Amino acid sequence: MTTDIQMKQSQSQTQTAAETPSELEQMLADYPAGLDGYDEMWDADPAAVNPQWRRLMRDLQDLGGDELERRRTEARRLLRENGVTYNIYNDPKGQQRTWQLDPIPLLIKSADWAAISVGLKQRARVLDMVYRDLYGARRLIREGLLPPELIYAHQGFLRPCDQVPQENMPQLLLYAADLARGPDNRMWVIGDRTQAPSGAGYALETRMAMTRVMADEFRRTQVHRLSIFFRNLRATLASLLPNYEEEPRVVILTPGPRNETYFEHAYLASYLGYSLVQGDDLTVRDGKVWLKSLDGLKKVDIIVRRVDDNFCDPLELREDSHLGVPGLLQAARLGNVIIANPLGSSLLESPGIMPFLPAITKHWLGEEILLPSAATWWCGQKKEMDYVLEHLPDLVIKTIDRRMPSFFGPQLSTAQRAELKARITAMPYLFVGQELLSCSTAPSLREAAIVPRRVLLRAFVTAHQGDYDVMPGGLSRVAPDSDSLFISNQSGGLSKDTWILADKPVHQVSLWPSVRQMDNLVTGEGSLPSRSGENLFWVGRYAERAEGLLRLLRTVIGKLADYDDYRDEADMAVLTQLLITLTHFTSIYPGFTGEDAKELLANPREKILEMALDRNQRCSLISTLESFMQSAYNVRDLWSVDTWRLIDDIDENIQYLGGKADDFGLLQNELDSLIGTLMAIFGQNQESMPHDAGWYLLSMGRRIERCLQQIILLRTCLLQPSGDVVEHLMLESVLINQASLITHRRRYRALQHVYTVLDLLLLDSQYPRSLAYQIEQIGQLLAKLPPVQRNLPPHQLSREQRLILQASTEIKLAEVEKLGRISEDTGSRAQLAKLLDNVERRLAKASALLTQKYFSHTESARQLAPTRMDLSV
Amino acid sequence: MKFRVKHTTHYRYNSTVSLCFNEARMSPLNNTHQTCARNRFVIHPAPDSVHKRFDYFGNQVTAFDILQPHKELTVTVYSDVQVLDPSRQFLFSADCPWEHVRDSLRTTTQADLLPIREFALPSPLIPNLDEIRAFAEISFQPQRPVLEAAMDLMNRIHTEFTYDPNATTISTPLATVLEQKRGVCQDFAHLGIACLRSLGLAASYISGYLETLPPPGQKKLVGVDASHAWYGVHMLDDGWVAFDPTNNIMPTDQYITLAIGRDFADVTPLKGVIYGGDHHLLKVSVDVDRIEA
Numbered sequence: 000m001t002t003d004i005q006m007k008q009s010q011s012q013t014q015t016a017a018e019t020p021s022e023l024e025q026m027l028a029d030y031p032a033g034l035d036g037y038d039e040m041w042d043a044d045p046a047a048v049n050p051q052w053r054r055l056m057r058d059l060q061d062l063g064g065d066e067l068e069r070r071r072t073e074a075r076r077l078l079r080e081n082g083v084t085y086n087i088y089n090d091p092k093g094q095q096r097t098w099q100l101d102p103i104p105l106l107i108k109s110a111d112w113a114a115i116s117v118g119l120k121q122r123a124r125v126l127d128m129v130y131r132d133l134y135g136a137r138r139l140i141r142e143g144l145l146p147p148e149l150i151y152a153h154q155g156f157l158r159p160c161d162q163v164p165q166e167n168m169p170q171l172l173l174y175a176a177d178l179a180r181g182p183d184n185r186m187w188v189i190g191d192r193t194q195a196p197s198g199a200g201y202a203l204e205t206r207m208a209m210t211r212v213m214a215d216e217f218r219r220t221q222v223h224r225l226s227i228f229f230r231n232l233r234a235t236l237a238s239l240l241p242n243y244e245e246e247p248r249v250v251i252l253t254p255g256p257r258n259e260t261y262f263e264h265a266y267l268a269s270y271l272g273y274s275l276v277q278g279d280d281l282t283v284r285d286g287k288v289w290l291k292s293l294d295g296l297k298k299v300d301i302i303v304r305r306v307d308d309n310f311c312d313p314l315e316l317r318e319d320s321h322l323g324v325p326g327l328l329q330a331a332r333l334g335n336v337i338i339a340n341p342l343g344s345s346l347l348e349s350p351g352i353m354p355f356l357p358a359i360t361k362h363w364l365g366e367e368i369l370l371p372s373a374a375t376w377w378c379g380q381k382k383e384m385d386y387v388l389e390h391l392p393d394l395v396i397k398t399i400d401r402r403m404p405s406f407f408g409p410q411l412s413t414a415q416r417a418e419l420k421a422r423i424t425a426m427p428y429l430f431v432g433q434e435l436l437s438c439s440t441a442p443s444l445r446e447a448a449i450v451p452r453r454v455l456l457r458a459f460v461t462a463h464q465g466d467y468d469v470m471p472g473g474l475s476r477v478a479p480d481s482d483s484l485f486i487s488n489q490s491g492g493l494s495k496d497t498w499i500l501a502d503k504p505v506h507q508v509s510l511w512p513s514v515r516q517m518d519n520l521v522t523g524e525g526s527l528p529s530r531s532g533e534n535l536f537w538v539g540r541y542a543e544r545a546e547g548l549l550r551l552l553r554t555v556i557g558k559l560a561d562y563d564d565y566r567d568e569a570d571m572a573v574l575t576q577l578l579i580t581l582t583h584f585t586s587i588y589p590g591f592t593g594e595d596a597k598e599l600l601a602n603p604r605e606k607i608l609e610m611a612l613d614r615n616q617r618c619s620l621i622s623t624l625e626s627f628m629q630s631a632y633n634v635r636d637l638w639s640v641d642t643w644r645l646i647d648d649i650d651e652n653i654q655y656l657g658g659k660a661d662d663f664g665l666l667q668n669e670l671d672s673l674i675g676t677l678m679a680i681f682g683q684n685q686e687s688m689p690h691d692a693g694w695y696l697l698s699m700g701r702r703i704e705r706c707l708q709q710i711i712l713l714r715t716c717l718l719q720p721s722g723d724v725v726e727h728l729m730l731e732s733v734l735i736n737q738a739s740l741i742t743h744r745r746r747y748r749a750l751q752h753v754y755t756v757l758d759l760l761l762l763d764s765q766y767p768r769s770l771a772y773q774i775e776q777i778g779q780l781l782a783k784l785p786p787v788q789r790n791l792p793p794h795q796l797s798r799e800q801r802l803i804l805q806a807s808t809e810i811k812l813a814e815v816e817k818l819g820r821i822s823e824d825t826g827s828r829a830q831l832a833k834l835l836d837n838v839e840r841r842l843a844k845a846s847a848l849l850t851q852k853y854f855s856h857t858e859s860a861r862q863l864a865p866t867r868m869d870l871s872v
Numbered sequence: 000m001k002f003r004v005k006h007t008t009h010y011r012y013n014s015t016v017s018l019c020f021n022e023a024r025m026s027p028l029n030n031t032h033q034t035c036a037r038n039r040f041v042i043h044p045a046p047d048s049v050h051k052r053f054d055y056f057g058n059q060v061t062a063f064d065i066l067q068p069h070k071e072l073t074v075t076v077y078s079d080v081q082v083l084d085p086s087r088q089f090l091f092s093a094d095c096p097w098e099h100v101r102d103s104l105r106t107t108t109q110a111d112l113l114p115i116r117e118f119a120l121p122s123p124l125i126p127n128l129d130e131i132r133a134f135a136e137i138s139f140q141p142q143r144p145v146l147e148a149a150m151d152l153m154n155r156i157h158t159e160f161t162y163d164p165n166a167t168t169i170s171t172p173l174a175t176v177l178e179q180k181r182g183v184c185q186d187f188a189h190l191g192i193a194c195l196r197s198l199g200l201a202a203s204y205i206s207g208y209l210e211t212l213p214p215p216g217q218k219k220l221v222g223v224d225a226s227h228a229w230y231g232v233h234m235l236d237d238g239w240v241a242f243d244p245t246n247n248i249m250p251t252d253q254y255i256t257l258a259i260g261r262d263f264a265d266v267t268p269l270k271g272v273i274y275g276g277d278h279h280l281l282k283v284s285v286d287v288d289r290i291e292a
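Protein chains in written order, with numbering that gives the first Met the number 0: chain A, 0 to 872; chain B, 0 to 292.
Bear in mind the hints are in silico, worked out from the structure with no lab data behind them.
Treat the hints with care, since some could be wrong.
Claimed, not checked - Subject to a maximum C-alpha distance of 25 Å in a straight line, what follows is the list of computed DMTMM-like cross-link-like pairs (lysine to aspartate or glutamate):
| id | chain 1 | residue 1 | chain 2 | residue 2 |
| --- | --- | --- | --- | --- |
| 1 | A | K381 | B | E136 |
| 2 | B | K270 | A | D279 |
| 3 | A | K833 | A | E731 |
| 4 | A | K381 | B | D111 |
| 5 | B | K51 | A | D758 |
| 6 | B | K70 | A | D400 |
| 7 | A | K420 | B | D47 |
| 8 | B | K282 | A | D758 |
| 9 | A | K298 | B | D236 |
| 10 | A | K108 | A | D58 |
| 11 | A | K381 | B | D129 |
| 12 | A | K597 | A | D502 |
| 13 | A | K361 | B | D111 |
| 14 | B | K270 | A | D58 |
| 15 | B | K270 | A | D285 |
| 16 | A | K852 | B | E136 |
| 17 | B | K270 | A | D161 |
| 18 | A | K382 | A | D307 |
What the hints assert, rightly or not - Simulated coverage check for chain A against chain B, where a stretch passes if three residues somewhere in it have a Cβ under 8 Å from a Cβ of chain B:
| id | region |
| --- | --- |
| 19 | 23 to 29 |
| 20 | 324 to 334 |
| 21 | 354 to 366 |
| 22 | 633 to 639 |
Just so it is clear, the structure is predicted and the values come from calculations on it, not from any experiment.
Ideal Cβ positions, reconstructed from N, Cα and C, are used throughout, including at glycine.
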């Protein structure tokens with residue numbers, strides 16, 4: 000790229016201070032004078048860089064290109080560690096892509112922004128009125144301010160939402176506008192986002208990363224804070240139900256982890272302190288909405304939704320939706336729940352409405368519209384259609400309701416143009432032509448050079464105190480190369496922070512209102528949806544299962560090395576039992592069990608690798624880790640940043656290992672690191688998760704899984720007597736595997752016998768790695784879970800509690816000598832076998848009961864078969 | 000004419016339905032042609048909540064949920080309806096060339112006429128099809144009076160299509176109906192509407208009941224009546240004019256109107272979301288009894 004200026008290398012950084020002014024002048028002179036049109040740095044006049052930009056550019060100049068690139072990498076790492084991702088549909092390389100950041104912010108002057116804000120507020124007010132009218136009296140249509148076809152033919156005009164708007168309350172609670180600065184220096188609205196505007200969470204994360212990597216630059220510039228916007232949003236939602244004594248319960252409704260902006264849903268839920276729910280977590284009873292939580296149904300007052308209009312209620316809207324809640328619309332109609340934004344609001348996103356907004360604003364507010372929209376011609380009018388057909392190559396053609404993708408005039412072939420013309424002529428009212436706005440450029444970092452790139456700004460607005468409030472900042476997106484006019488995240492765009500410059504120093508505001516009286520504090524944690532509880536339970540189980548597998552693999556590999564070194568048959572005998580245990584753990588049968596195992600045992604490495612790294616095996620190590628990741632991601636909103644960073648490490652390990660499925664040495668190295676990470680996650684949970692229902696379930700999952708694995712290990716390795724030498728080695732391996740060798744030695748000195756090992760690993764209820772300990776813990780956790788049958792008197796035990804008590808008692812009553820005794824009938828340790836079987840059976844049953852009781856096993860909903868009009872006489 | 004209507008819908012499921020959410024549009028409209036004096040729902044098992052409202056098109060909706068497990072659902076609706084004889088003197092518009100009706104609608108600025116344009120657009124079950132327009136234009140020759148052309152269209156659907164309950168299901172697309180030339184009243188109503196809209200005229204879907212009379216000398220059997228569907232065409236001053244292509248007549252006072260919409264999807268008599276239930280058996284019976292001439 001010939002126009003780019005290479006910045007000096009960082010080695011020369013030390014001597015820059017004195018030379019800065021001249022070098023800065025040189026750099027500014029080299030910065031190409033914009034592509035076409037307006038550049039944010041130059042303002043209207045390329046001769047005069049405004050002072051804030053000048054200072055920023057000097058700072059950047061001082062840092063140097065390499066340092067800037069390093070900071071970009073650092074920001075990328077931060078974003079990745081915080082899990083800031085954007086899911087790409089149909090991306091073969093897995094679901095998520097890390098948010099890409101340009102470390103050079105977009106600066107906007109205070110006065111500029113004030114004008115933009117006033118315009119955005121006005122637009123939000125008008126759109127709110129349009130929403131009320133179109134789902135109310137429809138005067139806009141009757142009075143000729145909006146043509147009927149523009150509304151009636153729009154797929155987002157949802158007739159069931161008629162009469163849903165509530166009086167005395169803003170309807171458009173959230174609003175976002177995509178802005179671009181035209182060559183004339185004015186900001187133009189090129190798109191309205193009204194149903195579930197996304198991006199505010201990304202803007203916030205971008206800011207957090209920027210204040211880390213550009214901390215000094217940020218401090219030196221007086222920049223407006225973003226948090227006030229979120230505080231106002233919270234305040235608005237809290238104020239919607241003025242007659243409430245308690246704070247209303249707010250949930251964020253997400254389509255789920257597969258949605259492209261799921262990260263943001265989870266992020267906002269944890270940032271704002273709301274429950275993150277999916278459609279299945281909610282139910283409608285008597286026209287009210289309830290959250291299915293671990294401790295019963297909780298009434299929901301406000302839903303911030305990220306599910307599209309049409310998918311929110313399979314009863315009245317799209318019948319094939321599995322993302323919604325049947326009866327939701329009725330609850331909204333009755334005023335029993337407030338939905339932000341209300342259903343049906345996607346209609347306002349129609350680009351066809353844009354050309355009519357100035358007249359509506361004039362007619363209703365008596366004001367001129369302040370922010371112009373990109374010039375748009377709705378083809379439902381003859382003159383406008385003729386214009387569009389004539390100027391097709393210069394316009395972007397959109398449908399009013401996004402039923403088709405946009406067509407960019409300049410990119411169309413003659414044949415495509417003809418086809419599009421035919422489509423427009425057939426149903427002209429579905430199409431608009433829109434001017435291709437050549438938006439302004441701003442300095443952007445590209446391969447250590449500062450170059451101009453086109454930018455788009457998404458601004459965010461929330462209803463606040465009878466009017467609207469604009470986020471002082473926004474999400475700027477940057478075109479990937481100099482030719483690009485269009486910017487979208489789906490094609491892997493780049494974002495940058497937006498710094499709104501303040502006239503005076505800015506203070507940090509707290510998101511939370513100050514508390515005056517202790518009485519007003521709402522206590523009790525946010526109710527945990529049952530589905531989240533279930534995911535936590537499985538996080539615990541998968542993590543423990545993975546840890547057990549890792550430990551066993553490590554023991555196996557160690558033993559394999561012993562055998563390779565000494566070729567001792569006793570080692571082989573132990574190895575065989577360990578490999579059989581591994582087969583049970585991974586359920587990859589016949590594996591090392593059965594008649595044909597001899598050959599495999601002679602050369603077991605390949606099979607071990609399969610058990611560790613084969614993604615097609617549901618219980619291989621790697622699949623178990625992936626299941627763990629999935630469960631953890633499903634409750635993304637519940638993890639602290641530190642915990643998530645650890646979870647993300649595991650993801651990296653998986654990617655790394657998955658790519659080297661045939662490297663035995665590598666596997667060995669990774670085992671220790673993975674065990675360490677898993678232990679760290681457990682430690683984090685123990686220390687930083689509140690010990691409430693969610694944590695109990697997570698711990699329960701762990702304990703149950705650990706019991707089950709331990710039972711398998713003891714059964715496979717210790718039931719059959721194998722002679723003194725082998726048994727000694729076997730006991731040692733079992734102790735090593737259970738990380739108990741040192742404890743055992745300290746306690747029993749030189750003695751190592753099946754009695755001592757069983758005493759430690761099975762019966763010692765004070766020892767955290769013993770079976771007895773796990774069972775005790777499970778019993779205690781069960782007692783802490785919220786009761787489901789509230790009428791059960793406190794002295795009565797639930798069925799699962801009885802089962803655990805039985806198991807615990809049996810262990811307590813067991814005598815180690817009897818357990819170790821070899822039965823004459825079977826030639827094996829019959830008492831031990833019986834005990835292990837009993838505990839396993841009771842545990843499995845208790846686990847099943849628990850699942851049934853606490854986790855919402857929602858049957859899938861379907862449509863009642865409709866009757867047809869049939870005059871069958 | 001005064002009627003008492005009993006409309007029973009019965010579902011029997013193979014496995015238990017744990018809960019269901021439903022909407023019924025089974026309350027006869029009140030308008031200038033008919034008055035519904037009584038409309039009573041009997042639902043079994045008893046619903047946990049019932050809400051009534053009027054929908055976007057002015058039809059009365061009864062929404063109800065059942066939260067207890069059940070294997071059968073019965074919805075019986077009793078309605079007493081008085082229907083006036085709709086035969087009338089047509090005004091000026093009915094004799095206008097159909098193009099005039101179309102163009103007046105297209106260019107109108109009248110507040111009460113603008114919303115009618117909604118019914119000239121395609122709707123969820125009635126898409127724009129080229130072959131439909133060709134079929135329609137045979138009746139709608141240039142400059143033909145709109146009423147005459149509309150009657151001719153009704154007549155052609157009646158004579159060229161065969162009534163055959165086995166030829167179509169509730170989800171058969173219109174193109175198939177046109178190709179097979181077979182269907183039931185719902186299909187014929189959709190077809191007529193599609194034709195009229197393809198020309199730029201406004202047409203609506205009407206669901207309701209039709210009184211059937213036994214052959215002379217025989218006693219009327221129980222449960223032989225049925226739900227029925229026909230359509231309306233908007234003719235400016237003359238308002239909505241109804242046509243029944245299944246019987247090739249313009250509806251009389253034997254026609255009871257339940258609901259009006261753009262197509263069947265807007266006025267489905269009973270729809271719902273159920274949890275569980277697997278397979279089901281469905282039985283519908285309708286009795287229309289004349290209680291006063």
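Here is how each hint holds up against the structure:
no. : hint             : in the structure
1   : A:K381 to B:E136 : 24 Å, holds
2   : B:K270 to A:D279 : 20 Å, holds
3   : A:K833 to A:E731 : 23 Å, holds
4   : A:K381 to B:D111 : 23 Å, holds
5   : B:K51 to A:D758  : 69 Å, violated
6   : B:K70 to A:D400  : 41 Å, violated
7   : A:K420 to B:D47  : 54 Å, violated
8   : B:K282 to A:D758 : 68 Å, violated
9   : A:K298 to B:D236 : 51 Å, violated
10  : A:K108 to A:D58  : 18 Å, holds
11  : A:K381 to B:D129 : 22 Å, holds
12  : A:K597 to A:D502 : 80 Å, violated
13  : A:K361 to B:D111 : 24 Å, holds
14  : B:K270 to A:D58  : 65 Å, violated
15  : B:K270 to A:D285 : 18 Å, holds
16  : A:K852 to B:E136 : 64 Å, violated
17  : B:K270 to A:D161 : 19 Å, holds
18  : A:K382 to A:D307 : 34 Å, violated
19  : 23 to 29         : violated (count 0)
20  : 324 to 334       : holds (count 5)
21  : 354 to 366       : violated (count 0)
22  : 633 to 639       : violated (count 0)
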